[in-house]
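S.K.: What follows is the residue order along each chain.
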Amino acid sequence: MSTILEINSVRKTYYSAKKELTVLDEIHFTVAPGETCAIIGPSGSGKTTLLGLCAGLDTPTAGTVTLDGFPLHQLDEDGRAKVRNEHIGFVFQNFQLLPNLTALENVMIPAELLGRTDAENDARLWLERVGLGERLGHYPVQLSGGEQQRVAMARAFINKPKILFADEPTGNLDLETSLKIEDLMFELNRASGTALVIVTHNLELASLTQHRVYLRGGKIVKEERNAA
Amino acid sequence: MRWILRMAWRDTRRQRLRLMLLASAIMFGTGAIVAITSLRDTVSTSVDEQAKSLLGADLVLSSRQLFTDDQIRLIDSVADARAREITFASMVLFPKTGATRLIQVRAVEKGFPYYGALVSSPPEAAEEFRGQDASLPESGLLTQFDMLPGDSLRLGYKTFLIAGRLLQIPGESAANLLVSPPVYVPYESINETGLLQRGSRVNYRMYVKLNSYKTLDSAAAYLRKQIGSAQLSVESVDERKNSMGRGFQNLFKFLNLAGFISLILGGIGIGSAVSVWIRQKEISVAILRCLGVSVKKTFQIFLTEVFGIAVFGAALGVLLGLSIQSIIPAILQDFFPVALEVKFSAGAIAMGVTYGILLALTFALLPLLRVTKISPLLAIRSSYETVRLNILPRLGVIFLMALIVVAGAALQTRSVLTALIFSGGLTIALGILFLLGSGITNAARVLSKRFGNFTIRQALANLHRPNNQTQLLLVTLGLSVFLMTGLYWLQDGLVQQVKVTESGGQPNLVLFDIQSDQKNDVEQFVRDQGLPLLESVPIVTMRVAKIKGRTLEDLRKDTTMDVPRWLGELRCTYRDTLRGTEKLLSGRLQKLIEGENDSILISLEKGIANNLGLSIGDSLEMDVQGVPLKVFVGNIREVNWRRVQPNFIMIFPSGVLENAPQFHVILTRSPDPETGARFQQGLIRKFPNISAIDLSLILKTAENLLDKIAFAIRFMAFFSLFAGVIVLVSALWNTRWQRVYENILLRTLGGTGLRLTRIMTLEFLILGSIASLIGAGLALTAVWALAKFLFEFSFEPGWSGAATVIVGMLMLVVSAGRLMSRQSFRESPLAALRSAD
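Listed in order, the protein sequences are those of chains W and P.
One rule links them: number in my numbering = place in the first sequence (from 1) + 167.
One rule links them: number in my numbering = place in the second sequence (from 1) + 235.
None of these hints come from the bench; they were simulated from the model.
All of these numbers come straight from a predicted model, not from anything done at the bench.
Misleading hints may appear alongside valid ones.
Claimed, not checked - Only some residues are given here: those of chain P computed to face chain W with a beta carbon under 10 Å:
id, residue
1, Trp238
2, Arg245
3, Ala521
4, Ile522
5, Arg524
6, Gly527
7, Val528
8, Ser529
9, Lys532
10, Pro611
11, Leu1054
12, Arg1057
Glycine included, each C-beta is placed from N, C-alpha and C at the ideal position.
Full structure from sequences and hints, please.
M.R.: Written out as structure tokens, the structure is:
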């Protein structure tokens, strides 16, 4: 089976003056292209740390992280930034839109970074696709939580990433809005063939994915994959 | 690069008011630099353009004695034309009212000035007075005594018609004319006044217009070589220009440094605001990094924003500088001997803008470095480990900051040493303010836990709130108070020093040019007028011929010695005691010479003894108006020169000079100005050759001049204050939302508006009081040190002015704090909590 993400023997230890704290240890798993995967676990289990390592936001203390053939554990910060820009999309629990930019400008950024001349047109299309064609010039503070998350998703998909990482994407939303966002996310995943890695403690959301990794105390305690 | 610019522009949205506030921190410093440098350039250009009118001639020769025929023949060999002038101090009497005043008589030959013009009202008076028994008094003098052209004045035994008002003399500043206003009279009529008597303090000048084939330098060198001596000096227009330039440079150095302090304050403000701003932007930086923006690009975005702020602030500063540059010459015009026409100075603008931008960028660089260390992980985990900066880049930036400050100060003062002293002093002052600020923040942390009273506890707790910028506020406010109170105390101290003459039994009337045969009559006159005869001082004019066997000419060739020109004509006295203003440092005071063979032991002033390398027992040969006299240094004494009374470099024992040609000075005291005026009127009628200095008049003039200089300096200090206020408002703005949010939480929990007001007022009162006290304390120390070691006066701080500054500062801080927090009182807690979500 080909993989888009391969995590091998990953360990992450934080060092402080007085002690060292290992938050992840002996982590192995892979994600196939277009696959949907959930990383599930209670608070403090290391889910967010693992997401950060998978997405190249941080480097492991030991082990390897390979994304679409790029060895993220060996790249420097700018090298990882380039991979993030070209191959990865992000959706965050707190939406994390830039407050001083309009919805349109927020979506344009990844495309502009690639030097795409069609950044604005494409951003408009993506915002229309997520149902915000009328709110292009609005600032994040002028949008509801669900609208902000839809802007974030348009931003995540604009560069047609190979993989999208979502950190509790519905954690700050009400049930109805959550369901809409989940539908949109899976729809975009199917339409663009982007692999989806979701960090969540929402088992209902996790059940919608094809592959589930259960974390506890910094170790994988269970891994499930739906039958093909 | 376009994307960086676009992102920087986008990021400024919704915070442009705040960024403009930041920009204005740089504006005041830049404005001050532009205005002062522009004025400096204007003065320099004006002096160059009007160079020849500075002297009114190509060369001026000055002597204490009448020019001899031989000297005049030599002068004629290089001159196209020449005009003689006799100058001395004397009393003028206005017969119409009987009023008198000490003035400077200037008897000048036709022809002067060869360059520039005596400007008078009516204009023809400047020429008309020369041909008749007329005079041209300085305009202010006529105004003071309500005199008009057509009235008359008396000098000695001669009465002159007042031909007009003298408005301007080439190369002389208005300030120069205030202390002793000049009265021009024809050269030919001066002998008729009877004022030129033996021992009178007279200056003889010769204004020379050179032959066209003689260059200025060669003519000056030639005359200097042929006739120059201790008694006769030659000055060319270039030399006057240079010496004048040096004098102004000191004033400009001071004003420029004051402007530079504003700029540094602005830089500190920007640095601190950028620090808070970057902390608030951490999440945005992390998001950008998640989206794939490189460290370099992220840094460039924020650097571009700071650059934009700096450029905008500097541009505003240029506008401010250009608009105030016309005000400063108006304040200081009296001190310049040339007419100032302020012109647009590209150099000044370039300097202001360059330094404004450089300082803003340099001070912002340290907090901006933080951008390079913000992890993208922060976007998904707010409690990610703290950002740690590497020590090397930090040290590099600190070194750069120091370099820019020293280089800037060196450029402003044109002296590396002054720049290093300034930078060192500023670093110490800032260091003390920072350390005290840090100590106070920590003390607030400890104290806030000990107070039972909620209002006090909360106000103290606010002082150590993270990002509260307590230290920054203490530094900027403290520095502003330091400058304002320091300048106030220094000026006050200097004025008080002069005012000593007004108090107690100090003399306030000095009568001089009293001939020996007049002495008893004048003393009797003083007593008859009911005034006390405080002191009668004999003065003998002599010159130093040899020091330790070497002639003055020989000593002047020795570059290791500083031989003053006035040793060629020295005024000495004789007495057997020291005065209260004198202190014996070493040796013994010889009171009386009894035998002809006794060695004459003189008392020598400390400064001149050091300059000439003289110590007890060293010999000097004096020339007492043709009679050689060998003396020895008997003691060395310290003199308080600031006391306005006759002080002397050299004092002889009694029994040596009694029979030498001499004149006398008598000191007395008038209880009020009216008695003083009546006394002087009587004196001049009875003894026309005697002059009187009314010290209260001098004091008033000195105060006026000090006021003008102080105003200019305070004007510059206000720039620092404005910059400080901008930093204050900016710092409060930075923490505004946190403050508002906390207040709203307190209101939600039941805190009343009154209680919140009390907490906030108390917080700002504590902050303002501490900053003011530290600033005033530093000023007290600095002025005390200046008073003790530089100006040498006893410093007694006046508290009322300082209290005004401190109270003003407190009101300012509290008002600004209230203004910045008013939103927390206006919004409903529910609305605010919602927006905080």
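S.K.: Could you tell me which of the numbered hints above are not met by this structure, giving the numbers in increasing order?
M.R.: Going through the list in order, the structure violates hints 11 and 12 and respects the others.
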